[in-house]
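Student: Add chains B, C and D with the ligands to chain A, keeping to what the hints say.
Protein chains in written order, with the numbering used here: chain A, 2 to 349; chain B, 2 to 349; chain C, 2 to 349; chain D, 2 to 349.
Hints should not be assumed to be uniformly reliable.
Since the list gives no way to pick out one identical chain from another, each pair is judged satisfied if it fits inside one copy or across any two copies.
Claimed, not checked - Taking lysine-lysine pairs in the DSS-like style, the calculated list, with each CA pair at most 30 angstroms apart, reads:
1) K264 to K67
2) K29 to K264
3) K29 to K61
4) K85 to K264
5) K29 to K85
6) K61 to K264
7) K36 to K264
8) K29 to K106
9) K67 to K29
10) K36 to K85
11) K143 to K67
12) K143 to K264
13) K36 to K106
14) K61 to K85
15) K85 to K106
These are computed hints drawn from the structure, not numbers from a lab.
There are 4 protein chains.
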Amino acid sequence: SSRVWKASPGYLGGTPAAAQPRVIEPPKNILLVNKLRTPPVLEALDAFLRHIHEQHPTVKIFAEDKPDLPSGVNIWSPGPESEKIDLVITLGGDGTILHASSLFKSGAVPPVLSFSMGTLGFLLPFHADDFARALESVFEGKTTILYRMRLSCSFYDTSGVQIGGAHQGWQVMNEVTLHRGPSPHLNTIDVFVDGQHLTEAVCDGLIVSTPTGSTAYSLSAGGPIVHPSLSAIVLTPICPRSLSFRPLVFPSSSAITLRVGEKSRSSSGVSMDGQSSRILNPGEAVRVQASRYPIPCINRSSISDDTQDRKSEGVGPGKEDDWVRDINNLLQYNATFRSKALLRHSRI
Amino acid sequence: SSRVWKASPGYLGGTPAAAQPRVIEPPKNILLVNKLRTPPVLEALDAFLRHIHEQHPTVKIFAEDKPDLPSGVNIWSPGPESEKIDLVITLGGDGTILHASSLFKSGAVPPVLSFSMGTLGFLLPFHADDFARALESVFEGKTTILYRMRLSCSFYDTSGVQIGGAHQGWQVMNEVTLHRGPSPHLNTIDVFVDGQHLTEAVCDGLIVSTPTGSTAYSLSAGGPIVHPSLSAIVLTPICPRSLSFRPLVFPSSSAITLRVGEKSRSSSGVSMDGQSSRILNPGEAVRVQASRYPIPCINRSSISDDTQDRKSEGVGPGKEDDWVRDINNLLQYNATFRSKALLRHSRI
Amino acid sequence: SSRVWKASPGYLGGTPAAAQPRVIEPPKNILLVNKLRTPPVLEALDAFLRHIHEQHPTVKIFAEDKPDLPSGVNIWSPGPESEKIDLVITLGGDGTILHASSLFKSGAVPPVLSFSMGTLGFLLPFHADDFARALESVFEGKTTILYRMRLSCSFYDTSGVQIGGAHQGWQVMNEVTLHRGPSPHLNTIDVFVDGQHLTEAVCDGLIVSTPTGSTAYSLSAGGPIVHPSLSAIVLTPICPRSLSFRPLVFPSSSAITLRVGEKSRSSSGVSMDGQSSRILNPGEAVRVQASRYPIPCINRSSISDDTQDRKSEGVGPGKEDDWVRDINNLLQYNATFRSKALLRHSRI
Amino acid sequence: SSRVWKASPGYLGGTPAAAQPRVIEPPKNILLVNKLRTPPVLEALDAFLRHIHEQHPTVKIFAEDKPDLPSGVNIWSPGPESEKIDLVITLGGDGTILHASSLFKSGAVPPVLSFSMGTLGFLLPFHADDFARALESVFEGKTTILYRMRLSCSFYDTSGVQIGGAHQGWQVMNEVTLHRGPSPHLNTIDVFVDGQHLTEAVCDGLIVSTPTGSTAYSLSAGGPIVHPSLSAIVLTPICPRSLSFRPLVFPSSSAITLRVGEKSRSSSGVSMDGQSSRILNPGEAVRVQASRYPIPCINRSSISDDTQDRKSEGVGPGKEDDWVRDINNLLQYNATFRSKALLRHSRI
Ligand SMILES: NC(=O)C1=CN([C@@H]2O[C@H](COP(=O)(O)OP(=O)(O)OC[C@H]3O[C@@H](n4cnc5c(N)ncnc54)[C@H](O)[C@@H]3O)[C@@H](O)[C@H]2O)C=CC1
Ligand SMILES: NC(=O)C1=CN([C@@H]2O[C@H](COP(=O)(O)OP(=O)(O)OC[C@H]3O[C@@H](n4cnc5c(N)ncnc54)[C@H](O)[C@@H]3O)[C@@H](O)[C@H]2O)C=CC1
Ligand SMILES: NC(=O)C1=CN([C@@H]2O[C@H](COP(=O)(O)OP(=O)(O)OC[C@H]3O[C@@H](n4cnc5c(N)ncnc54)[C@H](O)[C@@H]3O)[C@@H](O)[C@H]2O)C=CC1
Ligand SMILES: NC(=O)C1=CN([C@@H]2O[C@H](COP(=O)(O)OP(=O)(O)OC[C@H]3O[C@@H](n4cnc5c(N)ncnc54)[C@H](O)[C@@H]3O)[C@@H](O)[C@H]2O)C=CC1
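Bound-form chain A, shown alone (with noise of 0.2 angstroms):
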């Protein structure tokens, strides 16, 4: 393959920035999350949950409160009151670790440990058939943890006073999105830097977007892909009516605001991590900034097969970027033209 490199020339040693290796402590509290409730879905969870009966008895299992809830379970539910989670088990797609940050959406958010079925992604670091191997690396404290930055939003009247309390702030994972959404008009949205105007926007919308979500909608919308581990804030625009509108990357310490244009033809629509959570009308605004809270997600690299013959390619145990695999694997990044590659059953 053309990622082998035989020896290891100088340059090519250092640690990859993407994770850093930490020791946590054996969970005592276990929050498992998922949306789906399918066949395939529920029999993962049976696995998981009498696994973890077995092998770790006095382990706590939490979930949400839902209909069929599997025996020896109990129910959670967020708030000041509920019990302290030290391990977040999720069980499906991107979505569903979208969803149990919302769950911690106003606070610290224990280590994650995902798990797709089948598919994986961007944040689906493992296949739900390596349960028993993840979960037990975790259990020996030998994990990796990738501090995934948050942003925070609070929201603004017209007259600049912060609607629904000091206490309303909720963190995304991926981005905060303002679009015109169903509307035909375009939206006008004032967008200031540290209390400085940066520029007037008419566009579909605006997106303001953590690193992690560098590779979801802000991608999409022409953004630049920008690696997990850096603490910047992106700004893309939607189809906006400039030629010479281009993504901006900040400090994480930036304060964006993003105000409806007071003679803006239309409201703007907040999502939130793909959730629509409210309507700005003209003069309204949002600011969004870094969380103090960022989301520890728990890296595939940190617990790779030891004999995996990937380990042959001169990067030691443990130090394998997940994301240089997941650009390539998953968005299929830089996807030479197949001029050099064209099998003879492809032709005529």
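Tutor: For chains B, C and D with the ligands alone, coordinates are given in the frame of chain A:
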């Protein structure tokens, strides 16, 4: 103006991230840097010298060795033995400050105060006519410094051995560029991030840029605009033969290695801040990393006139972010279509 | 001005392709189209009417049925029985001429003379204040016509049967857009070209645009600028979940079919020239083709003042291409960085 | 496959625009063109020759003068006196057909049948192994021809006088490129359309491309993909110093003049179909126009096997558009993110 924001609602507070106020000692040794020697430049230089001699008679002034060095100026050339400079003053275009950076390419850089000759620029906060006020602010210790990250480079031969010894690092302020140059053939370049193979790029070239350089060549090649106070490395392809090669933004802890493919049909010319530096043949590589020596640039806002009307815009003194103004004024960022503003005389 | 080209070397000869001189008969039935009824618009309408009644008393004037129709104006509504119009005059923004186009959505369109109320636009060659000169040129038969291509649409149900009968074609001047609208879920749309499957698009939406529309929504979504005298169809994706979806330009003989994927999680809203027209559910399709009825637009250059200084630029009378001026003036096409042009008063 | 469209609903009928069936006379004089002389190419050439000699003994075969010309092949070189060729066969990569085009750079081109050596390409419809079937289709007169537009160029000195006489036109199939090449300085190029000044481009270079060339260099520089059956000219900037320089598509009747700015700090190298052709100094110009001599390319679909399963997809024999298949297969156009399709073995 659309920038005026009468009251200052809560969400517009906050200190811009761009620049940090820093007290600097009154300079004792000043290095004057200019490239052109046109009459206006020489006149401006004279005025500078007179002003400094009159106001700060104990200050020593240095310049590079050039034919018509004004009297009272000491010759200076980079080197371990040369006198320690504690302020650099540049006079000319962006190229002049890039040149100043190259004079300190192997170590720390003193604060830099840059003047233009009538054209402003991203790297040129001050106009030569305003030199007296700008200089006095510096002598009074009232400055705001923007630490602009630099990149250091090292070169490797086909067997991965560093070329030119360990000290051969060269610091750039904008970018390192690989380009096929006059060769009609595409470059094939393997890109490694922290030792891991990222992709094989088939293209005219690749740019590894600082945030400062994100508004230079990288922007022309389609890269995002990155705020210069962020520590990050931008990788932007030049005319890639792929539909899916997007600009990438890495944390500043990443090391990017570009290695000309063994089978590449052409060599690759390396430019550093726009200066041709060397040719890389197939199998040879350059490694680019954040330098330990950023370049401390004195900001425009640090010495802006307190009576200025911009103050009324809700941004406190010394708080305005030059960069926001620059991308609007210089890049005409997001210049909106003029359909709303056409003047009568431009009709028919 | 940089546009002045003193001598006219050989390579600068040639007639612009944009518009063809055409003698049109003095109009007998004129349709006045306006959307807004603000005082300035009503005043301008009055002036028009007076002028026509005085100068061309035999001409009949029509308008759509609206509350405060001026006296001497006949009511007109689209239909096979309605009186034949031989000149359309629009007064208002770009939306007004789009509306005029929609009045002739099922057949041929008379020549259209468009006036703006102070803002110029791509579709608005004339300022209302200049109406007298513009009108007289038309009555004298001195016009240059730009035939702007239109697209016709037909809709199909999940079994491929046309909805609404064969006559249900609707002509658009700018574009047909499919968009997820308020749905948080991505659209999945199968694209067929002349019956052949081209691609499955997972995106916010898709735009099928005329060259005229290439400077409207398609441009905001990243499409190329296509000269309106070219016969071509542009397909531009809106926020596709793919790194490699580029705008495509087809010959005007192509038929583009967009079919909402059977498994698409959301329906798709269809807009025609910015007017919401219908919802397409999974399995339903729209087919877009060049219309047989382009819209003949009277060009600005056709009646420009012979004594104007632009004449000295080496472009003969009636030969200048409005479009070249428009993309420069209205879109600020290729606005160069102002580093060379900053005025003193914009400093510090 | 997602391309299979079982029934053929009304909206999927229609003949693709790409290629027109054309009866061509059985060829009498065939020109064989190849660039490489590697063993596989020489073997393939031998097989061609044998086949033609056996099946069509009266046909005369020509080739360019090269060291090891096979026996039975006549030497041919371009010129008014040279024997009339009525079929060109190329064997090699895209560069080979570009070379064939250059052999007929001043006049009409015979139909071209292109074979690849194992790699398909946009300009390479056939695989060398299939030569017998492809050739017989041609002799039977069953071909579909795609007329690929070419561009002709003429050069002008600083006073606007044509250089090299009126006959100096050179036809290109892909594009004419101006590029700063090895110069570190940006090019300043004035662009005129039909004699009218369009813009001043400050950039690495400019590409004037045919629709055929839209998938070559222009695509890498960010240009749209234009169907080769459209007659149009694409102008694509290479790394412009402007946020608002977008690709433009002109009708084929337009003449594009590129003139190196009088004050440009660097000369501009002209490449034609990837071959360096000349240097343009400040004030010199090149004028590019549609050539009267397109290049008739024999299409893959014209001779595809009637029993092939693609036939069942509702596209009649000979009707399939090679181009649709090519942008999918070769460019991996709109390759969707693999989140839905990851195979188990690519996990962990
Ligand atoms: N045109 C577009 O690209 C749009 C994208 N979205 C994205 O969808 C997200 C919500 O996701 P779901 O609830 O799963 O909705 P969904 O089921 O509509 O899926 C959106 C797609 O985005 C992927 N995705 C989500 N987060 C990602 C990330 N950080 N990096 C790479 N891919 C990612 C998902 O795997 C899925 O393929 C939003 O946060 C937004 O980023 C939402 C609307 C439009
Ligand atoms: N196609 C392009 O855009 C190219 C750009 N360059 C840039 O030119 C730089 C060298 O500059 P000079 O020696 O002055 O050469 P130069 O005289 O050729 O000027 C290059 C232009 O880039 C501007 N520039 C330089 N650094 C900038 C920055 N950080 N942000 C915004 N604009 C900036 C300069 O003001 C000037 O307008 C290189 O570092 C490279 O970034 C070099 C080659 C091609
Ligand atoms: N994000 C975007 O850029 C969007 C653009 N639109 C465009 O708006 C059009 C409808 O226009 P209005 O009814 O006036 O709605 P509107 O009042 O919302 O105006 C849309 C803007 O597009 C301009 N425009 C319209 N046609 C144009 C053309 N052919 N070339 C250049 N500019 C053009 C108008 O002058 C106006 O500035 C649609 O056909 C669509 O092209 C619609 C929705 C979103
Ligand atoms: N950065 C880039 O993308 C560059 C591209 N080129 C292109 O290379 C062409 C010359 O080709 P070669 O002599 O083979 O040089 P080459 O051996 O350097 O190949 C250039 C590549 O472009 C491909 N190509 C050529 N014409 C094409 C077309 N019409 N559509 C799609 N792909 C095409 C070739 O198959 C090959 O992969 C030039 O006409 C120019 O278009 C030249 C320089 C730089």
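Student: For every hint, state whether the structure bears it out.
Tutor: Each hint tested on the structure:
Proximity of K264 to K67 under the C-alpha cut-off of 30 angstroms is restricted to the inter-copy arrangement: shortest distance 27 angstroms between copies versus 45 angstroms within a copy. In this assembly of identical chains, K29 and K264 lie within 30 angstroms of each other by CA distance neither inside one copy nor across copies; the values are 54 angstroms within and 41 angstroms between. In the homo-oligomer, the alpha carbons of K29 and K61 lie at most 30 angstroms apart inside one protomer (6 angstroms), although the nearest pairing across protomers, at 68 angstroms, exceeds that limit. Taking the closest pair of Cα atoms, K85 and K264 never come within 30 angstroms of each other, the shortest separation being 47 angstroms inside a single copy and 40 angstroms across copies.
Taking the closest pair of Cα atoms, K29 and K85 come within 30 angstroms of each other only inside a single copy of the chain (9 angstroms); across copies the shortest separation is 60 angstroms, beyond that limit. In this assembly of identical chains, K61 and K264 lie within 30 angstroms of each other by CA distance neither inside one copy nor across copies; the values are 55 angstroms within and 39 angstroms between. Within a single copy, K36 and K264 get their C-alpha atoms only as close as 40 angstroms, which misses the 30 angstroms cut-off; across copies the closest is 19 angstroms, which meets it. Proximity of K29 and K106 under a CA criterion of 30 angstroms is satisfied intra-copy only: 22 angstroms inside one chain copy versus 54 angstroms between copies.
Only within a single protomer do K67 and K29 lie at most 30 angstroms apart by alpha-carbon distance; the minimum there is 22 angstroms, versus 73 angstroms between protomers. In the homo-oligomer, the alpha carbons of K36 and K85 lie at most 30 angstroms apart inside one protomer (21 angstroms), although the nearest pairing across protomers, at 61 angstroms, exceeds that limit. Taking identical chains as interchangeable, the C-alpha atoms of K143 and K67 are never at most 30 angstroms apart, the minima being 32 angstroms within one chain and 62 angstroms between chains. With identical chains, the CA atoms of K143 and K264 are never at most 30 angstroms apart, being 56 angstroms at best within one copy and 41 angstroms at best between copies.
Only within a single protomer do K36 and K106 lie at most 30 angstroms apart by alpha-carbon distance; the minimum there is 17 angstroms, versus 47 angstroms between protomers. With identical chains, the CA atoms of K61 and K85 are at most 30 angstroms apart within one copy only, with a shortest distance of 11 angstroms there and 65 angstroms across copies. Taking identical chains as interchangeable, the C-alpha atoms of K85 and K106 lie at most 30 angstroms apart only when both belong to the same chain, with a minimum of 15 angstroms there against 53 angstroms between chains.
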